[in-house]
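Asker: In order, the protein sequences belong to chains A and B. No gaps in the numbering here: position 58 of the first sequence is 58 in the numbering used here, and each next residue is one more. In the numbering used here, each number is its position in the second sequence, counted from 1, plus 375.
Accuracy of the hints is not assured; some may be wrong.
What the hints assert, rightly or not - Here are some chain A residues pointing at chain B (derived, C-beta under 7 Å):
id	residue
1	I169
2	S173
3	A175
4	L221
5	T222
6	L251
7	P281
Rather than coming from a laboratory, the hints here were simulated on the basis of the structure. Just so it is clear, the structure is predicted and the values come from calculations on it, not from any experiment. Ideal Cβ positions, reconstructed from N, Cα and C, are used throughout, including at glycine.
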Amino acid sequence: MDCNRVFVSKVKRLTIVFTLLIAFLSIKIDTFAQVDSAVVPVDSTVAESAHAASGEHGAEAGHGKEKFEPTKVIMEHIADSHMWHLWGHTSLPLPVILYTPAGLEVFSSAHFYHGEEDYKGTYNTYRLVEDHVKVVGTNGQVDETVSVLDFSITKNVAAMFVAILVILIVFISVAGAYKKRVGKAPKGLQSLIEPIIVFVRDDIAKPNIGHKYAKFMPYLLTVFFFIWFNNLLGLVPIFPGGANVTGNIALTFVMAFGTMIIVNINGNKYYWKHIFRPDVPWWLYPIMIPVELIGIISKPFALMIRLFANITAGHIIVLSLISLIFIFETLAIAPVSVAFVLFMDVLELLVAFLQAFIFTLLTALFIGMAVEEHH
Amino acid sequence: MELVTPSIGLVFWTALAFICLLILLRKFAWKPILGAIHEREQSIDEALNKAELAKQEMARLTSQNQDLMQQARAERDEILKEAKTLKDSILNEAKKQAQVEGAKLIEKAKIEIENQKKAALAEVKDQVSTLSLEIAERVLRTQLDDKTKQEALVANLLKDVELN
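Modelling step: build the complete structure from the supplied sequences, incorporating the hints.
Answerer: This is how it looks when you write it as structure tokens:
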């Protein structure tokens, strides 16, 4: 578990960077703060700034009179949304799917007009508050007592579907190439993908899992490419990229949960013996068994946090650097910002691969620990 | 804290999409790709092994060829030597035989000559005796023309007999 410790320390470092950044930004906000910090709906300025923040129209800033709030812009980008901002005032409305106690509700998010209007559905009236769908009671106020489960196709879900589509197209076409050119040297896209697949097999699966690796290859490969493609698409500032998919805790939670399930259903008797009857004096069992049981959870938990923190931190840093232009309200800072953003983007390209690699590597390591035979 | 709270919708869609992706890729991508890579690796391994074997076989054949060549050369030398000795022996034999044959012929010729000489001599003796008888006859005829001479001769002859 040496490497795991290294990664954990890396996460700690990133967390520190992240915290420092937030602190830096809050100081800046204090400096520029307005008297009122009331809830501002998604208005044109913020949309404009968010737009600018994604690196397209840096020069257009400053025509709005409202004060620029970098934390809000950044958090808006990091978080999920019910519409997909394209450019200027144009957004792509996404379907809202709600599971209410009365029944299922499906309607377009365009009905909210960027949160400015309520929508009267079949069962309730809904309002978009900070990009969350809330039920509005008869008195015109948000009614928190009615619980609705939001299964909407949000920006992250849509971006993930795009990534899945890309993955399917790429790999099914590559598989087709293998069927067409049996026994021949790889060509084109095939020769780009093959070394990566062989890398996952020979450098991730085989050394960590051993001779039983073949059974886990589909899961490892899918995890690797799913995370990698989503990371890369997240770095593209324009539609259909730019969503913070792998930097969302829900997605990393699902991935880590999948790893936990795979590891535990494949755990052999040695794995379970190690947890319930560890090789320690019996009087240490009250300590050891809870620790080992926590270990079952903490390993995938670390996976979840690691991916989430790394990708989110990357997005936040890039957006913060862009925000500098609007914080200082001068174009003079732009070259510096752009240079730093360029550097960060290149670094993020590396991180995109690295995080996919680490997630897959640790998954393989955990599987290997669970299926290892002791003689 | 919203940032670290997983939303149920995204969890649901991610799980669904990821499971679908896993199933689809497993069936349509990973199986054929990994299978093809494995197969190709095996065929490459096989080809390399075969090449190694062929190389060894080649080396073996080359050394064998060399051996054969050397053997053949030695054999040739042997044969040549044998042929030479054979030739020499044949030549000697022939020479000896020729000598013997020659000697025989000479011997034969000598005998023949001797025989011929003897025959010739016998003939000559014959003719000489005939001639002598004829001559003696003639001489006697001329000498014994008269009676006295005949009587003298007989007397002479009788005298000789008496002497004996």
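Asker: Hey, does the T222(A) contact hint survive, CB to chain B under 7 Å?
Answerer: Check passed: Cβ of T222(A) comes within 5 Å of chain B, closer than 7 Å.
Asker: Close enough to count: is the Cβ of S173(A) nearer than 7 Å to one in chain B?
Answerer: 9 Å, violated
Asker: Would you check whether L221(A) satisfies its interface hint, that is, whether its CB is within less than 7 Å of any CB in chain B?
Answerer: 6 Å, holds
Asker: Can A175(A) be said to touch chain B, with a Cβ gap under 7 Å?
Answerer: 4 Å, holds
Asker: Can the hint on L251(A) be confirmed by a CB-to-CB distance to chain B that is less than 7 Å?
Answerer: With a minimum Cβ separation of about 5 Å from chain B (threshold 7 Å), the hint on L251(A) holds.
Asker: Does the interface hint hold: is P281(A) within less than 7 Å of chain B, judged Cβ to Cβ?
Answerer: Since the shortest Cβ distance to chain B is 39 Å, the answer is violated.
Asker: Is the interface hint for I169(A) satisfied, with its Cβ closer than 7 Å to some Cβ of chain B?
Answerer: 11 Å, violated
Checked against the numbered hints listed earlier, the structure breaks hints 1, 2 and 7; every other hint is satisfied.
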